[in-house]
Amino acid sequence: MSVLEKIPTSKRGHVTFLVAFAAAIVLAYRTNGWVWNHLLYNAFGMSPTSRLTETIHFFFFDSVKIGLLLIGIIFTVTVLRSYMSVERTRALLGGKRQGVGNVMAAGLGVITPFCSCSAVPAFIGFVAAGVPLGVTFSFLIASPLVNEIAVGMLFTLFGWQIAAIYIGAGLLIAIIAGWIIGRVKAERWVEPFVFETKLGGQIIDTTGGLTLEQRIQMGLEEVGSILKKIWPYLLVGIGLGATIHGWAPADFFLKYAGKGNIFGVLIAVLIGIPLYSNAAGIMPMIQALHEKGLPMGTLLAFMMSVVALSMPEMILLRRVLKPQLLAVFVAVVGSGILIVGYLFNALIPN
Amino acid sequence: MIIKVLGPGCNNCKTLERVTKEAVAELGISAIIEKVEDYGAIAGYGVMSTPALVIDEVVVTSGRVPTPAHLRELLTAAAK
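Here the protein sequences come in this chain order: A and D. With this note's numbering, letter number 5 in the first sequence gets 5, and the count goes up by one each step, no holes. To convert, count from 1 in the second sequence and add 350; that's this note's numbering.
Bear in mind the hints are in silico, worked out from the structure with no lab data behind them. Treat the hints with caution; some may be incorrect.
[As the list claims (entries may be wrong)] A short, non-exhaustive set of chain D residues, derived as facing chain A with CB atoms under 8 Å:
#: 1; residue: Cys360
#: 2; residue: Tyr389
#: 3; residue: Ala429
#: 4; residue: Lys430
[Claimed, not checked] Each computed DSBU-like pair below joins lysine-lysine, with the alpha-carbon atoms no more than 35 Å apart:
#: 5; chain 1: A; residue 1: Lys229; chain 2: D; residue 2: Lys430
#: 6; chain 1: A; residue 1: Lys322; chain 2: D; residue 2: Lys430
#: 7; chain 1: D; residue 1: Lys371; chain 2: A; residue 2: Lys11
#: 8; chain 1: A; residue 1: Lys11; chain 2: A; residue 2: Lys185
The model shown is predicted, which means the values in this text are computed figures rather than measured ones. No residue lacks a Cβ here, since even glycine has one placed at the ideal position from N, Cα and C.
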């Protein structure tokens, strides 16, 4: 990557780079609205009140806004997380019993860098190291459920309270679900080879010896790779959001899916299961839906369902988990999400 | 030199295999490059984050695709 070659190699160079990078993003973010207003209303003379203008404005404004948010959040989170590793988490969790172990595992699941493609090796590794099954599950559930991009987005779009509620709810679901799975003696539903696998070799800490420069490099790489993967979903999500924003009458959803409709949360969760999207892709849709009256609890439930219950991950986990355990996993996490959805619809005024 | 690329087949693993082949060709090292996708075998190396690179039965990197420069370093060091 040409950007990486240009970063000076001194420590001061790195800090300067980080500061400049942050400043550039903040500046772009602040001027974003002004740019599009000026461009569309003044330069192109479009009427601010027409639906078409609204839709187009939303589309471009949100594309830039979400793009910048993604860059900032992904970079920051990746660099911060690089100070933690799956190997160190396993060492911390080995031998911890249920209860305490579940809480630790859930917390670590949020901050440990973890790719879903590593779910199976990580699972095997945890079990082989003596981490109880329920505790392992608390980790595996918390990791995708409390998605850092989602947290950043919620914080920016809806404020710190909603973001904090999301984190708290996600942790709670992970802890309790893991604990329940531990209690039903789910070992019998794990493919036998997992327990027979001997953990050989030397365990290397994947992120222990990294220099700041390498961490910055990781951050930039991760930004590039995630953006490359999700930009089509992003555009579709923003497009849908823009359309809803411009064309759906205000309070549209209030009539059909507001708090009065008791099936609202259930339907949201069920729709979320087959959908697999990165948290970022659906954010603009969530913003627009919320604007049109869909209650926050339903939206949180929908988002959690999309990111935590994903078909590709299920298929991957089938290699180590028997169908019964997969079913228990989906049922417990799904129920947790449902409860969170209903609870927040009841508690949050709008 | 026997190089093994550990990974279940996600994009990062394929990338690692590709850049490893390129680096080996560039450096002119004679090496056999194998792809290991079996979870039992991967766990046997103590690897929990894929993709990982194993050179002559020693795990040299795990969890990410190293830069071409870093990769060349690792290969050169192992070739000695």
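Against chain A, with CB atoms and a cut of 8 Å, does the hint on D/Lys430 hold up? violated (20 Å)
Holds or violated: is there a CB of chain A closer than 8 Å to the CB of D/Tyr389? holds (5 Å)
Can we keep the D/Cys360 interface hint, with Cβ of chain A closer than 8 Å? holds (4 Å)
Holds or violated: are the alpha carbons of A/Lys229 and D/Lys430 at most 35 Å from each other? violated (38 Å)
Next pair to validate is A/Lys322 with D/Lys430; report whether the Cα-Cα distance is within 35 Å. violated (46 Å)
Quick one, is the D/Ala429 hint okay against chain A at 8 Å, beta carbons? violated (20 Å)
So if I understand the rule, the pair passes when the alpha-carbon distance is 35 Å or less; does A/Lys11 with A/Lys185 pass? With a Cα-Cα distance of about 51 Å, the restraint between A/Lys11 and A/Lys185 is violated, given a limit of 35 Å.
Given the hint that D/Lys371 pairs with A/Lys11, does the C-alpha gap stay at or below 35 Å? Holds, at roughly 33 Å.
The earlier numbered hints that this structure contradicts are 3, 4, 5, 6, 8.
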